[in-house]
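Student: Heads up: the protein sequence lines correspond to chains V and G, in order.
Numbering of the first sequence is given in the UniProt record's numbering, commencing with residue 1 and proceeding in unit increments.
Numbering of the second sequence is given in the UniProt record's numbering, commencing with residue 1 and proceeding in unit increments.
To be clear, the hints were calculated from the coordinates, so they are not data collected in a lab.
Mixed in with the good hints there might be a few duds.
[Unchecked claim] Derived DSS-like pairs: lysine-lysine, alpha-carbon spacing no greater than 30 Å straight-line: (1) V:K3 to G:K82; (2) G:K10 to V:K3; (3) G:K89 to V:K31; (4) V:K82 to V:K3; (5) G:K31 to V:K10; (6) V:K9 to V:K31; (7) G:K92 to V:K92; (8) G:K10 to V:K31.
[As the list claims (entries may be wrong)] Using C-beta positions, here's what the derived DEER-type ranges look like: (9) G:P64 to V:A49: 19 to 27 Å; (10) V:K82 to G:S30: 15 to 23 Å; (11) G:S84 to V:G29: 36 to 44 Å; (12) G:T102 to V:E85: 45 to 53 Å; (13) V:A68 to G:R71: 26 to 34 Å; (14) G:Y14 to V:Y42: 16 to 24 Å; (15) G:N12 to V:V8: 39 to 47 Å.
[To be verified] Residues of chain G clear of chain V, computed beta-carbon distances all greater than 10 Å: (16) A7; (17) K9; (18) A11; (19) D16; (20) T20; (21) E50; (22) Y93; (23) D95.
The C-beta atom is built at its ideal place from N, Cα and C for all residues, glycine as well.
The lines below spell out each chain.
Number of protein chains: 2
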Amino acid sequence: MLKQVNAVKKANIYFDGKVTSRTLIQADGSKVTLGFMLAGEYTFGTNEAELMTVLQGGMSVLLPGETAWRRIAEGEEFSVPKNSEFQVKVDKYVDYSCSYITE
Amino acid sequence: MLKQVNAVKKANIYFDGKVTSRTLIQADGSKVTLGFMLAGEYTFGTNEAELMTVLQGGMSVLLPGETAWRRIAEGEEFSVPKNSEFQVKVDKYVDYSCSYITE
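Please model the complete structure; the sequences and the hints are all you need to start from.
Tutor: The structure is reproduced here in structure tokens:
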């Protein structure tokens, strides 16, 4: 449970709705998104560093500067540097949270 | 913005992920879900009466006891009695909120 947050009503919609997320603002002003991706391959860019955690399902990720895909299972996490791109492959679906790390 | 809510991290997942929602608990204990449906036809059952509002996109709905489908566009809403079933058709996607009305 994320406690005492303000929730933006409208979803963030990407890739024709195959990827969506909800923005939550925490009491300290920091942003968390709760997102969902259906099967597919996606490339994302970051403005801030991100910490992504798989809540349900799983995904494979190709992080910037790496050549091997990593499998991220339920309960596992990975981080992505700011101003970078990463690739994601989803077989069935993945339910995830994303925290934004401002320095 | 839904203010000062507690957000359940894990998504509610239906129809292989084509329909998902996030549960938010408001300060007064009432529940709101923010949901997203991709193209498809779905039947839902209610336990409590529900008030559904379209936030983005649109849907058609066949309400219990009715024979004509209603088109629900962005910003429009409809309610469904408790312990009933209703059918939904989505062409592209619909982003919605659902409030639960306890008597």
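Student: If you check each hint against the structure, which ones fail?
Tutor: 3, 9, 10, 13, 15, 16, 17, 18, 19, 20, 22, 23
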